[in-house]
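So the protein lines, in turn, are chains A and B. According to our numbering, the first sequence is numbered sequentially starting from 24. According to our numbering, the second sequence is numbered sequentially starting from 349.
In case anyone wonders, no lab produced these hints; they're calculated from the structure. One thing to keep in mind: the hints can contain errors.
Claimed, not checked - Here are some, though not all, of the chain A residues that point toward chain B, as calculated from beta-carbon distances under 7 Å:
id	residue
1	D90
2	H113
3	M115
What the hints assert, rightly or not - Each computed DSS-like pair below joins lysine-lysine, with the alpha-carbon atoms no more than 25 Å apart:
id	chain 1	residue 1	chain 2	residue 2
4	B	K1221	A	K123
5	B	K501	B	K411
6	B	K1332	A	K123
7	B	K770	B	K746
8	B	K1332	A	K128
9	B	K1135	B	K1215
10	B	K1198	B	K1286
11	B	K1135	B	K1057
12	B	K1044	B	K1135
All residues carry an ideal CB built from backbone N, CA and C; glycine is no exception.
Spelled out from the first residue to the last, the chains are:
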Amino acid sequence: MKAAKLKRGVLLKAAACVAAVVFLCGCDTTFNRDKFDRNLMAGRWVSGTVHEYYDLAGTGYTWDTSDDVTEEEAQHFTWTLERETLTQIHQMEMGGSIPKTYTLKKLNASVLEYSDNYGNYHSFTKER
Amino acid sequence: MKKALKIAAIALVSAVVIVAIAFSVLCFNIFSPAKLTNAVNKNAARFLACDFGMERAELTFFKTFPKVGIDLKNTTLKSGADTLLHAGSLVAAVNIREYLRNNKVIVNDFMLSDGTVNIMVDEDGNPNYNILKTSGDDTSSTLIEYVDLQSVKVKNTDIRYDNRKSDILCRLQSADISLSGSFHEDNIAGDLAVEASGAAFVSGDSAKIDFAGGKTRLDYSGELRNFNLLNGKVGADVKECFLKVDTMVYVDSIDLAIASEVNADFNKWSLRIDGGNVRVGECAMTVEGNVENDGLRNGTGIDVNFSTEKWDIQDVLQKIPAALIGNALDNISVDGEIGLRGNVKGLYNKESFPDITSDISLGGANIMISGFPLSFENIDALLALDMDTDGQTDMAVKSLTATTKKRNRLNMSGTIKNLFGKMLFDIVANGNLHIRDFSEFMPSDFTKCDGLAAIYIETDFAYDPKKGFSLDDVAATADCKFTDVNILYHDTTSVSTPLLTAKLTFPTKEKPYKIDEWLNAKISTEHLKVDNLTDFSTTLTGINLDAYTNDLTDSTKELKIGTTYSLSDMRLDMDTVSVRLASPKGKFVMYDPDNLMLDYKGETARIKRGGKMDFVSDALDLHARASYKDGEDNPLLQWSPVMKISLKNVDAKLADIEHHIVSPTFDVDFTPEKCELKNVNLRFGGSDVHINGQIKGIEAYLKDAGLLKGELALSANYLNLNEILDVIDGFGAPDSLVGEATEMENRKEPAPFIVPFGVDLNMKTTVKAALVEDVEFRNIAGQVYIKDGILVLEEMGLTNDAAKMQLTAMYKTPRLNHLFLGFDFHLLDIKIDKLIEMIPDVDTVLPMLKSFSGDAEFHFAAETYLKSNYDIKFSTLRGAAAISGKDLVVLDSETYRNISKKLLFNKNTENRIDSLSTEITIFKNEVDVYPFLVSIDKYSAVVSGRHNLDMTYDYNISLIRPVRIGLDIIGMSDRLKYKVGKAKYAQDFAPGKKGAVESSVRELKSMISKSLRSNVKSAD
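Construct the entire structure; sequences and hints are all you get.
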């Protein structure tokens, strides 16, 4: 019985430890919401023929030169970055919005990488 | 015998001579000069009342043989201080028998030689020749008894007659006068012959007349009674005559010959001429009539008839006093023959000249007027001249025929007033003319004029020789008939007609157009052809014009034209363009070259442009005004036309358009500001359209200063949009786009439809049925906008067998390889299978849809840029769709069977879905299907996933009831792999569930759904 109590105590301590870990992890989420520096998003990024431009006001545009589209003809979107979740809401010219959600994998001064839930991986480098 | 006769003759002559000598000796002894001189002086004093002087008197026998004469040497008679007579020799033959028997001295013959005679009448009318003493003094009757003149001769004597009362002076120089006859009392009967080396007549009574002649011969046979009344035959021949009246010389160095019976009364200073023949130079005429002094009017009254032979006109003109002609003939050259028959009547004095009326016959005359382009030849005329030198000289043209330029025959009659001043013509003329010969009257632009003209003219005009000929002064009505006319204008444009009639009137009194009408031309022809060597050819038939122009002669004024017109037919061919107009008629006015008005009403009108256009209208009505503005390049801006156009039953075929454009009615009012489509019906292919409304801003559009704006209402029973879009493709597009399109066509690539640029059209549309691609829609109503390269269909409601629909769409063409297409399409009460049939692309976006059957509601918004070949630029593709349905049936398919098998569905599962509601986004080539719940029989599953437009799938079906199990479906559509795993969603998946992930999804779905449904119009 004592062993059982001891075993239960161990389990409770373990549970408490797990809870603590979980809590701490939660505290980390709370106090380090910006896993990536959104300021690094600003600027022109390129991946092959696909270009994306972000500004810190939360707007941007994208164009693909392989389709004979110029920067002046680019299509606009708004974007948000919540932790590693990058949401692009693409604006239709006739009205309407198309949301796209990605998970940011890497962001620094020269590299932007994100993927979607279907395993599509996008890697951009910063245009000078 | 002969000898005896000769001896006898000699003896007889010798005897006579001896007797004569003996008689002479006797006379000389009896009538010695001294005795005779004494006797003559005594008798002279007895009979004469004037001074008489004589050197001596002597008998003469030889000078007066066989009579005895008295020869008075150096005799002088003086009347007062003036010498009446002086004679070197004055011989009087005495009837010796009367002297011997009755002691009477009767003078039979009288001869005066080497003398002078001065006969004078003083200012009071007292003559100096009344030198015989009156009866109280030993009367003159006594003298008369002693004078019985049978012969008077004057030799080498100057004779002067000076009547100062009448202011007449006559002189004969070195005159030889022979007068034979009888002298009884104051009567003289006999013959008179006068020859003088010179003669003069000066009269200053009424008008200063100065006549002089050279060698002069006068014959007279008749009597002179009372030294006053002359009756006889007179002949005169005066060489080198000179006649001056006042300061005007009428005759100079012309020979004059006269023969006539005359009756003269010297007291009255009257003269009667009968059977007179006068020859002035080579010109002869007969004369008869009276000339007499008109003391009451202080002149000479003349009433003389004359007629001439045929005179040479130039001779006559040379003889006509310059005072009469003035400078009338300065610019006229004339020759030919002229004959006169007329009368000179009236008073002649300083103030007046008698009227001359005359019939003038011209034969073979030729006239050329300087400055007038034509000369006239072979003139035969009968004219009546009324020459009033105090007023004006008029001429009546009784008949005149003439030829000009050898082959043009003219006939004329009428009057010419003021012949020697500014002539006024009132003429009726007709002629057959060759137009070429009158080319001088044509503007110089007409380089060739051929044809014949039969012309009848009634004209009044003035011709001032000082100023020349001017149409300004002409009034005329002309009936003209032109045949075989061929006129070349500027060497490039020819006008020809076989027959044309014209009636010209100018100046006209009618003013129908208020354009200062001057000329009226009524023109008719059955056939007129106008050809330009390089540009056009026109054929007109059945022409009738009633045209007016302003004064064509005034080069300072712009041309104005007003005309009514009617034609049977008009054909114009210009380059590849041909125009045919049937029965056009109406009115045309050119107020000036910059302001035009046209009324047109016609039957069939056809315009063809090579194989590119064929336009036919059964009727065309047009009322148009246009004003020209400088500084504009576009003809529409240059002329600013204001038009009302009405067409009936138009059928137009354009090469680039497959179908005819048919318009039963086409009524349009056009101004540079707006074009009002009042009643326009169009049939094009299968389309049947009625349009009305206004198009504005045309002028600004043409100046590139604004858009062409239109507010139109379009209603149609049927509209084939495929055909119509082909027609308006590229209208007004920028050159860059057109160039690109042309290049594509050159590469045999189909160019895309280019939305018209520069226009802002708003068209309220009501269409019963329309065909788009292969889909037919009905009951279409909505707005269509075309705005500067953008085509918008706004909230267009439509129906078909599959659904009720609302479509908002936009298509624009910023550049040829970057076309924008966006649409917002709502389909209500649609049958899913029909939806896929109607829009096959739905299967691409939502491939699982083909697994369902039933009614649904579908909202689909998408936009993308397209390549010039309409290929989608997937990188630009954005879209969202929402579909909801109830009571759907899941179709039995291989995919469904696989899913059923993997998810362990009961074989007896009923394949019906109570409801379905899902949202889909399209981004580039990714189609994301947001999780939605599907309930089939006792099974509930959440379906979500993605497929790419390359038809690779990554879907998950999470069965959440009755058991939780997941099924991933991945791979290509034809090689799908099914992998069983855990369910992704909780058993209680529901719209109200607010898990973190679900909440985010719902938020996104809501965004999509709201944006999709916001544009759906309410049912009303």
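When the structure is checked against the list of hints, which entries are broken? Sort them ascending. Result: no hint breaks.
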